[in-house]
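Sequence lines, in order, name chains A and B.
At position 55 of the first sequence (counting the first as 1) the number is 55 in this note's numbering, and the numbers step up by one without a gap.
At position 319 of the second sequence (counting the first as 1) the number is 319 in this note's numbering, and the numbers step up by one without a gap.
Treat each hint with caution, since some may be false.
Capping the alpha-carbon separation at 25 Å, the derived lysine-lysine pairs in BS3-like fashion look like this [as the list claims (entries may be wrong)]: (1) B:K18 with B:K253; (2) B:K146 with B:K177; (3) B:K392 with A:K138; (4) B:K158 with B:K175; (5) A:K29 with A:K84; (6) B:K18 with A:K138.
Only some residues are given here: those of chain A computed to face chain B with a beta carbon under 8 Å [claimed, not checked]: (7) D25; (8) V27; (9) K29; (10) H31; (11) F33; (12) N49; (13) S71; (14) D74; (15) L95; (16) P107; (17) V109; (18) A135; (19) P139; (20) S143; (21) G145.
Honestly, the hints are just simulated from the structure, not real lab data.
All figures in this text were calculated on a predicted structure; none of them were measured in a lab.
From the three backbone atoms N, C-alpha and C, an ideal C-beta is built for every residue, glycine too.
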Amino acid sequence: MITLQGITKVYRLGKIEVPALNGVDLVVKAHEFCAIMGPSGSGKSTLMNIIGCLDRATSGRYVLDDIDVSSMSDNELAAVRNRKIGFVFQTFNLLPRMTALRNVELPLVYAGMGGRERRARALAAMKQVGLENRALHKPAELSGGQRQRVAIARALINSPAILFADEPTGNLDSRTSEEIMGIFEELNRQGATILLVTHEADIARHARRVIHIRDGLITQDEVRK
Amino acid sequence: MNLSEGFRESWETIRHNKLRTFLTMLGMNIGVGAVIAVMATGLMGRGAIMSGIEGMGSSLIWVRANRAAYEREQDMVQMRPEDLQTLRGLLNGVWLTPLLRDQGPVGYRGYQELAAVYGVWPDYALIWQRPVSEGRFLRPEDVERKQRVIVLGLNTAKALFANPAAAVGQEILFKGKTFTVVGVMQKKERSAIDDRSDDDTCYTTHEALESVFDWSGYGGPRVLSIHFKVRELADLDYVTAQVAGYLDHRYGKVQGLPRFSVRQAEENIRTTNKIFGVITTVITLIAGISLLVGGIGIMNIMLVTVTERTQEIGIRKALGARRRDILAQFMIEALIICLIGGGLGIVLGVALTAVISALRGWAYLLPWLPISLGLGVSIAIGLFFGIYPALKAARLDPVVALTKE
């Protein structure tokens, strides 16, 4: 599903080279629910950006769903993000001017799908997160938990190979956080592969596998029963 | 993302920023409107002048000394009174008048009024279509009998006599001689080709004015200019050649150039056309500067928009937008602003044109050329000034864009 081999990332700040990842090897199989934990500066975000095809590794090999994405162009990566990856962000990242439904539709717009089918699928995704009666609300008219559920619907819309959640509960109260994590667990039971980034042990507990990262290296990889 | 999706996205953004978009458009609006109004006014004005010249003067020929042939003005040779008689005898079926211009106070019983006095022949009224309101114009017998008669301009008559009708038959004083008033001219309507008021101009015979004109510097009485008008336009070139041939034969050339210029109004039409073309082009270019300013305004606001929406661009990229999707979105936005601004500018320009045509009494013509030009320029400006901000947006790194608050 996801195979990382010797992934390194070096940032150049002027003449200084700052290493962020120092050779990461990782395999995430389909249907896994996997949490990545690490303090800030550990290289956690860099790793997420690379796995999320938002950024490229300096060296190493990355195979996603049998496709080698390590040396793809920007436009090819955009297509991979569009079809293979669903993002859920800490700050929801909904576009404020659009209705919830239109936000959910957006990945399909970039996939070039026609309006009618797009709308039907977006409504189905909204139903899946229990917000079918909020479809025409703007994000500002929704609560934090509802917004995050819209974001999850958007991430699910193109049936991605992998669902990415970057601190998805970071802006939510604990009760809502539990609700959202419940949705992720349910999605995982239905077969979704989920990669969760968090620094909260409580949240990471929902995952079956927890990977710890520090100083650009995986330091611990535990699978719970 | 296809085009209609792009338009939908851009339209929603524009709707969201109504005031900003309106202010941005204003530059385009005024620019396009100004260009259209200026161009259309030029076209209409030219049309009015041309039809004016063609209506009354395309069969006209002017003769006067060819100043361009002489290095010094005092060397200029002028026609002599006997040439008038010869030309009169030479040309049949042609209206002909000499024109001698003088000016000075015209007096009546101690009242004085400054006036222009033209020495002409009776054909003058026919050539220039100038009717009298009282009495009569000059007659051939006035010329033959060397009568000192005068037809007053309307303003002159009003200034000297309370009632212009009372002027006829009275004697007035000009340059120390008495002239009998035989008529008063009608008020002259101003037209596109001739905006001057002619109501301070009085007409006497060439011969009568010749006798009071100050000829020092000329070496005796001369004929300074002659107007001909052919009745059939087909005769124009023939008469022109005859007049020029006669004068060349009688006076010879100077440095290979004819001593007299025999010009047709046709040439004036061409010259007028050319001058109007140049003036219109220059003013249009000046108006075009406002378009440039408008375009820069659009580029500026688009750059602000891109900066403001960096996060949005990041989100879109994360969801799978390619560079060209982002590029298209911002280009379409700039284009819509330009097209709406340009469209309103066209409305403004057309309205201004209509107002100008109504005020000046010129024939209104829907300015198709300026309209299509205005539309084309709007699109060009949208593309030109929109491309840089759009490229900037398209090239944003999704990681950087996403993390920006």
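Do the hints match the structure? See the list:
no. : hint               : result
1   : B:K18 with B:K253  : violated, 73 Å
2   : B:K146 with B:K177 : holds, 13 Å
3   : B:K392 with A:K138 : violated, 28 Å
4   : B:K158 with B:K175 : holds, 20 Å
5   : A:K29 with A:K84   : holds, 14 Å
6   : B:K18 with A:K138  : holds, 19 Å
7   : D25                : violated, 22 Å
8   : V27                : violated, 24 Å
9   : K29                : violated, 24 Å
10  : H31                : violated, 23 Å
11  : F33                : violated, 22 Å
12  : N49                : holds, 5 Å
13  : S71                : violated, 17 Å
14  : D74                : holds, 7 Å
15  : L95                : holds, 6 Å
16  : P107               : holds, 5 Å
17  : V109               : holds, 5 Å
18  : A135               : violated, 17 Å
19  : P139               : violated, 12 Å
20  : S143               : violated, 20 Å
21  : G145               : violated, 20 Å
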